[in-house]
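**Q** Listed here are the chains, written in short residue letters.
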Amino acid sequence: MKAVTTVLLLIVACHAQASQTLRIAVASNFKPTLEALLPLWQAQNDIAITVSSGPSGALTQQILAGAPFGLFLSADAGFPEALYAKDKGAKPVVYARGQLIAACGHNASAAMAALQQANTLALANTRTAPYGQAAAGWLTEHGKHFSAKQVQAGSVAGALQFAVTGNADCALVASSFRQLAPKLHWYPLPHAPVLTQAASVINNSSAAQTFLSFLLSDAAQHFIQQNGYLAAKP
Amino acid sequence: MNAAIWITCKLALVTTLVLLVLGTPLAWWLAQGRSRFLRTLVEAAVALPLILPPTVLGFYLLLLLAPDGAIGQFSQSGLAFSFMGLVIGSVIYSLPFVVQPLAASFSQLDTRLLQLGRSQGLNPWQLLRHIVLPATCHAFVMAAALGFAHTVGEFGVVLMIGGNIPGETQVLSILLFDEVETLNFAQAHRIAGGLLAASFALLVVLYSWQKKRGHTRVAT
Amino acid sequence: MWQLELDGQHWRWPQGQWLGISGPSGCGKTQLLTHMACGTKGLLQRGAQTNLLTLPSHKRGLGWAAQSAALWPNQRVHTMLNALAALHQANHWQRDAHELGITPLLQQYTDTLSGGERQRVALLAAVICAKNLLLLDEPVSALDANAAHHVLNAIRHIAAQRELSAILVSHQWQDLAATCHWVYHWQSNSFSTLADAHRAHVLNHPSNACALWPLDGPSLNGQVLVNGQPLDCGPLAPNTLRVRIDAHEVSIAHQQPGPSSIANTLSVTVTGLSHISDTSLIATLDWHGYQLYALITPKAATTLGLAKGLCVYAQFKAHAVNSA
Numbered sequence: 195m196k197a198v199t200t201v202l203l204l205i206v207a208c209h210a211q212a213s214q215t216l217r218i219a220v221a222s223n224f225k226p227t228l229e230a231l232l233p234l235w236q237a238q239n240d241i242a243i244t245v246s247s248g249p250s251g252a253l254t255q256q257i258l259a260g261a262p263f264g265l266f267l268s269a270d271a272g273f274p275e276a277l278y279a280k281d282k283g284a285k286p287v288v289y290a291r292g293q294l295i296a297a298c299g300h301n302a303s304a305a306m307a308a309l310q311q312a313n314t315l316a317l318a319n320t321r322t323a324p325y326g327q328a329a330a331g332w333l334t335e336h337g338k339h340f341s342a343k344q345v346q347a348g349s350v351a352g353a354l355q356f357a358v359t360g361n362a363d364c365a366l367v368a369s370s371f372r373q374l375a376p377k378l379h380w381y382p383l384p385h386a387p388v389l390t391q392a393a394s395v396i397n398n399s400s401a402a403q404t405f406l407s408f409l410l411s412d413a414a415q416h417f418i419q420q421n422g423y424l425a426a427k428p
Numbered sequence: 006m007n008a009a010i011w012i013t014c015k016l017a018l019v020t021t022l023v024l025l026v027l028g029t030p031l032a033w034w035l036a037q038g039r040s041r042f043l044r045t046l047v048e049a050a051v052a053l054p055l056i057l058p059p060t061v062l063g064f065y066l067l068l069l070l071a072p073d074g075a076i077g078q079f080s081q082s083g084l085a086f087s088f089m090g091l092v093i094g095s096v097i098y099s100l101p102f103v104v105q106p107l108a109a110s111f112s113q114l115d116t117r118l119l120q121l122g123r124s125q126g127l128n129p130w131q132l133l134r135h136i137v138l139p140a141t142c143h144a145f146v147m148a149a150a151l152g153f154a155h156t157v158g159e160f161g162v163v164l165m166i167g168g169n170i171p172g173e174t175q176v177l178s179i180l181l182f183d184e185v186e187t188l189n190f191a192q193a194h195r196i197a198g199g200l201l202a203a204s205f206a207l208l209v210v211l212y213s214w215q216k217k218r219g220h221t222r223v224a225t
Numbered sequence: 006m007w008q009l010e011l012d013g014q015h016w017r018w019p020q021g022q023w024l025g026i027s028g029p030s031g032c033g034k035t036q037l038l039t040h041m042a043c044g045t046k047g048l049l050q051r052g053a054q055t056n057l058l059t060l061p062s063h064k065r066g067l068g069w070a071a072q073s074a075a076l077w078p079n080q081r082v083h084t085m086l087n088a089l090a091a092l093h094q095a096n097h098w099q100r101d102a103h104e105l106g107i108t109p110l111l112q113q114y115t116d117t118l119s120g121g122e123r124q125r126v127a128l129l130a131a132v133i134c135a136k137n138l139l140l141l142d143e144p145v146s147a148l149d150a151n152a153a154h155h156v157l158n159a160i161r162h163i164a165a166q167r168e169l170s171a172i173l174v175s176h177q178w179q180d181l182a183a184t185c186h187w188v189y190h191w192q193s194n195s196f197s198t199l200a201d202a203h204r205a206h207v208l209n210h211p212s213n214a215c216a217l218w219p220l221d222g223p224s225l226n227g228q229v230l231v232n233g234q235p236l237d238c239g240p241l242a243p244n245t246l247r248v249r250i251d252a253h254e255v256s257i258a259h260q261q262p263g264p265s266s267i268a269n270t271l272s273v274t275v276t277g278l279s280h281i282s283d284t285s286l287i288a289t290l291d292w293h294g295y296q297l298y299a300l301i302t303p304k305a306a307t308t309l310g311l312a313k314g315l316c317v318y319a320q321f322k323a324h325a326v327n328s329a
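Just so you know, the sequences run in chain order Y, B and D.
So that you can map any letter, position 12 of the first sequence is 206 in my numbering, and since no number is skipped, the others follow by simple counting.
So that you can map any letter, position 154 of the second sequence is 159 in my numbering, and since no number is skipped, the others follow by simple counting.
So that you can map any letter, position 207 of the third sequence is 212 in my numbering, and since no number is skipped, the others follow by simple counting.
It should be emphasised that the hints constitute simulated quantities derived from the structure, not laboratory data.
Beta carbons are placed, not taken as given, at the ideal position from N, Cα and C, and that holds for glycine.
Where hints are given, some of them may not hold.
[Stated by the list, open to error] Restraint-style ranges between C-beta atoms, simulated for each label pair:
(1) B:65 / Y:372: 40 to 50 angstroms
(2) D:168 / B:207: 53 to 63 angstroms
(3) Y:281 / B:60: 24 to 34 angstroms
Just chain Y, with the same shape it has in the complex (with noise of 0.2 angstroms):
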């Protein structure tokens, strides 16, 4: 009985303990720039940055029903409209603009020929995931005649992991993963989508303004680009 006492009031008292913390919901694409990213912002902040990363229809859905974060870093520009329009977050702002990109297993001359060749493609969800979206705009619009089987991943992250792990030969995914699997073989594509990605504060947090202005400040932007992005500002 003791025993549990015990360990009832370090639950409690460690509950307790909450400090000045950030915490951001970031699309999957973002996630290791904006983890590549957090020393810099340490050595200028006191302010401790938690990340979850997602889907960012998922996160806005999580958003509505009253996810505490403080900040939204999405893929694209329509859900944080979204929650603009229903006033869950403060009006959009891009902080970086991201590219589709095709990743394969096996070398081919050019992106096309490596996505012919595919028998696999995976996605990211094209319903939740904006580079699903890209994904599948794209493929309407340039890939009919690939004969690849379509298979989606919760996330983008999700779509570059089953290229990686070999279940599918080719994944159609954010041009920020390059530096993550230097194994695969990466094409950009011809007439490659750009997708705006937007940030917007929820709940008017003054952490996350900061955070913002850090994220578009020249250094942050520039590391940013070394990542695989275009700059916020065409």
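Position chains B and D against the provided structure of chain Y, taking the given hints into account.
**A** Quick look at chains B and D alone, frame taken from chain Y:
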């Protein structure tokens, strides 16, 4: 990862304790209650999480725990994506694993023993302490271990109502999913291997304890 | 005075005395005791106190030694007894445990005891719990005759010290004979004193006939006082309530016999002769209102010219006087 281990253990521990407190009277009623029809209904309801896809539970819990939901309205910002929400989800999800062994054990209790205890002057609390608990302690150990293990192994419900927040709702199974998606296979191996070893060890300990118990009974 | 009213039966017996219920197994004796412990219909009352059957089961102050001899599971004997003693403020239970011979069992787990050991522990538990009445359901059925005798006497002694009454259910006549004052005979549906019941019992079971005499006090220097007269006796069990003198130990003489190794000679009157077989006959003898039985041959009866009303001398050895 340490935060996720702590969250997972805390969640499993709190869930198990809540289940033991709530599940014991429920199991008692299921085993000894009067209304047979009502008992059948509740029995079926308790067993539902065994066969229901976790996403069904997750979906309804999401609605219930939302700020304007039936349960969520009692808290300022809703209970979804909070530790408390996870506890509520896990309690429902692991309910049969605690209630069923307890109810089975309670229904095997000798009625004459309970009658005797009553006539010996024991009040219900003393009856529980001196007769019911000693007679069914193996079932309590089993129920607690299964409830704990099953909560640790939970994924679908947590995925839907957890929100994957490190330090708050990111349990090991979710973190593992995250690490696999982000190609962090070294970390994924540590988590998956650790869970595998811990679960196996728990079951080995549990079964050997059961065997030993059965053995001493026969031997003496 | 105790009263029990149940299913149209109505029994009364004085406080401190024991009521025995005899009958074949399966006739409903166990249900009767279970009803007294747990049921709610009927009347079970001491003097003008509350009807115990209207109280909840745990407030009746009954010491119930159930037939199953159920003990608290998965714990040591002393854990169970200590908890019961604490609940009922019974501080001297170790002494009773010693008397019942269960001191060596205290460290054992209840599930590891033999049938007889369980019964003795269950009896002690009943004694600890009893404030009003002991309910003993075949409490010594798993013990051999000697041990059963010893345990019953011990329980009777403990109950007497605390002025407890008891209801004892048994299919063994000697269990009732050793302890009870009143007997309900299930088959004949008759409620009577032990002496009357014993008389009927002897007539129904002549081959086991014996005299059953209450003692005026404890035995002293190989002598006991019965009916105001000293009798020589063998070693008696402690706390003996009654002595038995088996009919085959009793011989009859026409004239006052001379000195011999036969210690007891009583002047008695023949009140009945019952034929059992070609070789045996039971003579019922009256000694100041106490019955003595003699198992003799028809030939001896003829030689002595035994007839109702004849005054003769009955003889039996000291060692024929045993604890009932």
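**Q** Now tell me, hint by hint, if it's right for this structure.
**A** Verification of the supplied hints:
With their beta carbons about 41 angstroms apart, residue 65 (chain B) and residue 372 (chain Y) fall inside the hinted range of 40 to 50 angstroms. Taken as a hint, the range 53 to 63 angstroms holds for the pair residue 168 (chain D) and residue 207 (chain B), whose Cβ atoms sit roughly 57 angstroms apart. Distance hint for residue 281 (chain Y) and residue 60 (chain B): a CB-CB separation of about 29 angstroms, consistent with the stated range 24 to 34 angstroms.
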